[in-house]
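Chain by chain, the residues run as shown.
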Amino acid sequence: MKLKNFLILGLLLSLCWICPAQQGIYKLRLCWIPQAQFAGFFMAEEEGYYAQEGLALEISYPPRDEEMFDTLMAEDADFVMEWFLYALEFKAKGNDIVNVAQFQHQTEELLVAKKSSGIQTIKDLKGRNIGIWFSPQLQFSFKAFLKRNEMNEDDYHVYPILDNISLFLSGGVDVVSVMSFNEYNQILFSGYNPDELTIFPLKEEFPNLVLEGIYCRRETWENNKQDVIALRRATLKGWEAAFKNPEKALQVIKRKCDEIAALHNSSSSRQIYRECSFGYAIQKAMLENFKKNLSIEGNDALMKKETFQEGMNIMGLDESDILFEDFAPRNE
Amino acid sequence: MQIKKSVALKFSFWICIPLVVILLAASALLLDDIYKRLGSYLDEKALSVASETANHMDKIFLQTQGLAHLIADGLETTPRRIDEMETYTKNRLTSVHQYCEEIMGVCVAYMPGMQGGDPNYNAYIHLLEGENFFFTEWHSENIDYQRYQNWFLLPTIKNTNCWIDPFAAFDGKLICSYSVPFYQKIDGKRDLGGVFVLDYEVNSFVNYLKELKLPIGDQKCTTCLMNSFGLILVSTETDYIMSETLFSLCETENGIDPKDFEAARTIFGRNNETDMPSGSGKQTFKHTRILNGKPCDVYYQTCMNNWVVAVVVPTDWRQTTLFPIFIKVTLVVLGIILLLACVIFIICHHINKPLVKLATAAESVGEGNFDTPLPEYDSGDEISQVTKSFGKMQTALKDYINKLEKSITMRERTEGELNTAKSIQKDLLPHILPPFDHYDSIIGAADLIPAHGVGGDLYDAFPVDKDHLAIIIGDVSGKGVPAALFMAVTQTLQRNIGTGQTSPSVMVSQLNQILASNHETNLFVTYWAGILNVHTGELHYTCAGHNPPLIRHTDGTVTALRERHGPPIGILPNKKYAEEKIQLQSGDMIICYTDGVTEATNADMKMLSEERLIQTISDPKIDNPQLMLVTIRDTVFEFTGDAEQFDDVTIMITQFVKNSGQK
Chain A
1 MKLKNFLILG
11 LLLSLCWICP
21 AQQGIYKLRL
31 CWIPQAQFAG
41 FFMAEEEGYY
51 AQEGLALEIS
61 YPPRDEEMFD
71 TLMAEDADFV
81 MEWFLYALEF
91 KAKGNDIVNV
101 AQFQHQTEEL
111 LVAKKSSGIQ
121 TIKDLKGRNI
131 GIWFSPQLQF
141 SFKAFLKRNE
151 MNEDDYHVYP
161 ILDNISLFLS
171 GGVDVVSVMS
181 FNEYNQILFS
191 GYNPDELTIF
201 PLKEEFPNLV
211 LEGIYCRRET
221 WENNKQDVIA
231 LRRATLKGWE
241 AAFKNPEKAL
251 QVIKRKCDEI
261 AALHNSSSSR
271 QIYRECSFGY
281 AIQKAMLENF
291 KKNLSIEGND
301 ALMKKETFQE
311 GMNIMGLDES
321 DILFEDFAPR
331 NE
Chain B
1001 MQIKKSVALK
1011 FSFWICIPLV
1021 VILLAASALL
1031 LDDIYKRLGS
1041 YLDEKALSVA
1051 SETANHMDKI
1061 FLQTQGLAHL
1071 IADGLETTPR
1081 RIDEMETYTK
1091 NRLTSVHQYC
1101 EEIMGVCVAY
1111 MPGMQGGDPN
1121 YNAYIHLLEG
1131 ENFFFTEWHS
1141 ENIDYQRYQN
1151 WFLLPTIKNT
1161 NCWIDPFAAF
1171 DGKLICSYSV
1181 PFYQKIDGKR
1191 DLGGVFVLDY
1201 EVNSFVNYLK
1211 ELKLPIGDQK
1221 CTTCLMNSFG
1231 LILVSTETDY
1241 IMSETLFSLC
1251 ETENGIDPKD
1261 FEAARTIFGR
1271 NNETDMPSGS
1281 GKQTFKHTRI
1291 LNGKPCDVYY
1301 QTCMNNWVVA
1311 VVVPTDWRQT
1321 TLFPIFIKVT
1331 LVVLGIILLL
1341 ACVIFIICHH
1351 INKPLVKLAT
1361 AAESVGEGNF
1371 DTPLPEYDSG
1381 DEISQVTKSF
1391 GKMQTALKDY
1401 INKLEKSITM
1411 RERTEGELNT
1421 AKSIQKDLLP
1431 HILPPFDHYD
1441 SIIGAADLIP
1451 AHGVGGDLYD
1461 AFPVDKDHLA
1471 IIIGDVSGKG
1481 VPAALFMAVT
1491 QTLQRNIGTG
1501 QTSPSVMVSQ
1511 LNQILASNHE
1521 TNLFVTYWAG
1531 ILNVHTGELH
1541 YTCAGHNPPL
1551 IRHTDGTVTA
1561 LRERHGPPIG
1571 ILPNKKYAEE
1581 KIQLQSGDMI
1591 ICYTDGVTEA
1601 TNADMKMLSE
1611 ERLIQTISDP
1621 KIDNPQLMLV
1631 TIRDTVFEFT
1641 GDAEQFDDVT
1651 IMITQFVKNS
1661 GQK
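Protein chains in written order, with this note's numbering: chain A, 1 to 332; chain B, 1001 to 1663.
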């Protein structure tokens, strides 16, 4: 009997040993290099909110050409931040990912043109060179935008925007898709006043469309629901702290940027860093934009059904492809 | 002798202080002008630094552009096959690198169908790192946007040459590219063949910029190379490279200063029709982060490719440059003035030494030591002259003092003799006034106030016999001792002659005879003599040119005895004088006086006059000679006030009071 008990105990202990992840320790892959877009995460880490929730979160950043969902499915990360429409597409292909956090509930995509180019209305876009960000989300949303406005794709010359807005500023394209919190500020900080630009906010066409969310594998959600809920909670607190003390948040972001720069001193990743790191002004403007558009009060960080529906419409999907509850499970 | 305020010090002070004041005033007046002119000069210099830097960049840009166009033209004239691209790009890279070491990459990217009809997007890149060449080639049916970025898209979309903003190469170096579209003739039609690119390493710019200094005061500059949208491509401040624009640097904790933003827009031509930077100039920024919030001036020059070179200096660099210069110059000038003050002080002190000795000697002379030796100083200058003049003055003073002492001694002797004469003269006048012991009916009072020590007035009253009283008054012509002596003679003679003589005319005639015959001095005496019967009051009188005595009656009325019986005595020998008589009533006063009374003169040169005298004596309340004397005397001296008495004042008053006779 004693031997039997000893063996059972040993088996139990070994099960614990081969458990894939220690409780509370997670890897979060953000969608780009450190910037104010992730201030909530950084401040939650800085202020110890994750630790208070019993979480140990390892935040990392992708190289330029990484496919985030591949990283997720390869279990190189527990959570990834990715585009919503791309997530729908990936999910529709049979990949069992779920949306576990949605902090923003509106898209910040804009189409921007210089008034001096003669573009004042949507109809003026016809025949123009248009620069669309080289990402699935924006490609999909732009096509949906054209369709919603009964515009033929063949009437436009679409060029991809990869790293910066030079193509737009140099006159290579007449219109460019940007994020209100990021590239739009880059345009302003290139010396343009808002009244010199014509803006078409996509949220006017798609009021429920969103950008990035936090995604994980289903089993991660199923096995760690409380931790995921804690992650949402702590991150929202992190956003609140960032809005209350923006200068501190900016200092934290700068420190993160410097840490990454030190790591990428002589590798190809430096290319990304040098081209895409933002200075104080852009970071500050980005944070102010998030403060305006990301509300803390009443925000449960869960995807709304209207958002899911909007995305499904844009992607031309229906319930036979994905169920809302499967895509964005509720708290239980 | 203690000197409290040295002339040397005063000289130094009063020469040097005005110099300092003039210097400061000139500085204040000129400083603003100097500052502006120097400021303009410094602006010019700073702009020239920006301009020279831009020229340096332009040379490189031109060289790169020239090489790129040459090769692009070559691609048009000599199409290349796929299999020769590695060799071709390596050779091109080698040759351009010889012209310009900073060119470290070439790229040829073909549009589909433009390389021997191949339908793919073909791109060939050769890079040089140190001694090593690295070759890569891509072939894809569809444009690979990950690879075909702005260096391809911009020239193919715009169909023009483009300088592409820097990007990070694989080893982290910053590369900027110059892309040139090239053309190919396919079936007789000239179409866009692709893009030729030269990659230029920008780090060499950084080293050049770091060495830049402003030519005055060795002020270090913060210098930047920005693209035509303000993005900082190269800078001595490495934190800003590729992450800040001049516009974003206007953002501070307190937001953006609209003026700073507008200044940046001016530099980059946002208000121009072309929306592109052009030209050169200067803009001032108050709150930008370029220099950590310090106000700064940005001197800029646009390069040929619309990039902008900016030289940034703190706005206060003029002050920090000029101020030390100004302080140095001021200190040097003040030092010179101080040195001048010391030299002046020493020289003046040396010159003043004999003056100090002279002053000491002068003090001693002033104390009466007229034999004090003077300092020997014979330099031929003014001080030497003063010393000599002082010596002469000392000698003259000594002589003068000696003479003065003698003169004082003589004068004192003379004064003593005069005082004696005065005393003798005074004794000649009657001391005891009536009422005489002899006559109860006669009351008298008299006074003689000489103008000088001794005078020529006389009066007398003496008994002629037991019934008659002689009353005499006279005024010798002239002043001083001669008149006094003549008075004494007259006074003595009249008593001798008059005693026992009841006729005044006889007495006067006899007196005149003696005086007119026995002197050569031309002196004479106005004379009046009266003989009064002390019992009856009958008065006989003779007037020899004298002021008419006045009879004041008890009722206040006045009778003047104006008869004249001849000239003053002592002029005409043998002159016989007549006489008058008048009856006095009891209480009548005979008031005899000399012209010193009626001709007493005040400060306004007005005389008392006989009328005023009569007015004075007319008061019936004055009922006795003593009171009358005092009244007349007071009237005279009240009238003259502070005016000098120039003639003797003599008053004699005799009152007849009818009562018992001689005792």
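Just so you know, these hints were derived from the structure itself, not from any lab.
Hints are not guaranteed to be accurate.
One side only, chain B facing chain A, incomplete, derived with CB under 7 Å [said to hold, decoys possible]: (1) Arg1147; (2) Tyr1148; (3) Thr1160; (4) Glu1251; (5) Arg1270; (6) Leu1338; (7) Asn1533.
Partial list, computed: chain B residues near chain A (C-beta under 10 Å) [what the hints assert, rightly or not]: (8) Asp1043; (9) Glu1044; (10) Lys1045; (11) Asp1165; (12) Leu1231; (13) Glu1244; (14) Phe1247; (15) Glu1253; (16) Phe1390; (17) Gly1391; (18) Met1393.
Note that CB positions come from ideal geometry on N, CA and C, so glycine has one too.
Cross-check of the supplied hints:
1. Hint status for Arg1147 of chain B: violated, given a least beta-carbon distance of 10 Å to chain A, over 7 Å.
2. Given the 7 Å rule on beta carbons, the hint for Tyr1148 of chain B is violated: about 9 Å separates it from the nearest Cβ of chain A.
3. For the restraint placing Thr1160 of chain B at the interface with chain A, the shortest Cβ-Cβ distance is roughly 10 Å, beyond the 7 Å limit, so the hint is violated.
4. Among the interface hints, the one on Glu1251 of chain B holds; its C-beta lies about 4 Å from the nearest C-beta in chain A, closer than the 7 Å criterion.
5. The beta carbon of Arg1270 of chain B comes within 5 Å of a beta carbon in chain A, closer than 7 Å, and the hint placing it at the interface holds.
6. Taken as an interface hint, Leu1338 of chain B does not check out: its beta carbon lies about 53 Å from the nearest beta carbon of chain A, beyond 7 Å.
7. With 7 Å as the threshold, the beta carbon of Asn1533 of chain B stays out of range of chain A, its nearest partner Cβ sitting at about 141 Å, so the hint is violated.
8. Taking 10 Å as the C-beta cut-off, the interface hint given for Asp1043 of chain B is violated, the closest approach to chain A being about 24 Å.
9. About 27 Å separates the beta-carbon of Glu1044 of chain B from the nearest beta-carbon of chain A, more than 10 Å, and the hint is not met.
10. Against a cut-off of 10 Å between C-beta atoms, the interface hint on Lys1045 of chain B is violated, since the closest Cβ of chain A lies about 28 Å away.
11. Interface hint status for Asp1165 of chain B: upheld, as the beta-carbon distance to the closest one in chain A is roughly 5 Å, under 10 Å.
12. Checking Leu1231 of chain B against chain A by beta carbon gives a least distance of about 7 Å; that is within 10 Å, so the hint holds.
13. Residue-level restraint check for Glu1244 of chain B holds (minimum Cβ-Cβ distance to chain A is 4 Å; threshold 10 Å).
14. Given hint, Phe1247 of chain B at the interface with chain A, holds; its Cβ is 5 Å from that chain's nearest Cβ, closer than 10 Å.
15. Evaluation of the Glu1253 of chain B hint against chain A yields a held restraint, the C-beta minimum of about 7 Å falling below 10 Å.
16. Interface hint at Phe1390 of chain B: violated, since its Cβ lies 87 Å from the closest Cβ of chain A, which is beyond the 10 Å cut-off.
17. Taking 10 Å as the C-beta cut-off, the interface hint given for Gly1391 of chain B is violated, the closest approach to chain A being about 91 Å.
18. With a least beta-carbon distance of about 91 Å to chain A, the hint placing Met1393 of chain B at the interface is violated under the 10 Å criterion.
Violated hints, listed in ascending order, are 1, 2, 3, 6, 7, 8, 9, 10, 16, 17 and 18; each of the other numbered hints is respected by the structure.
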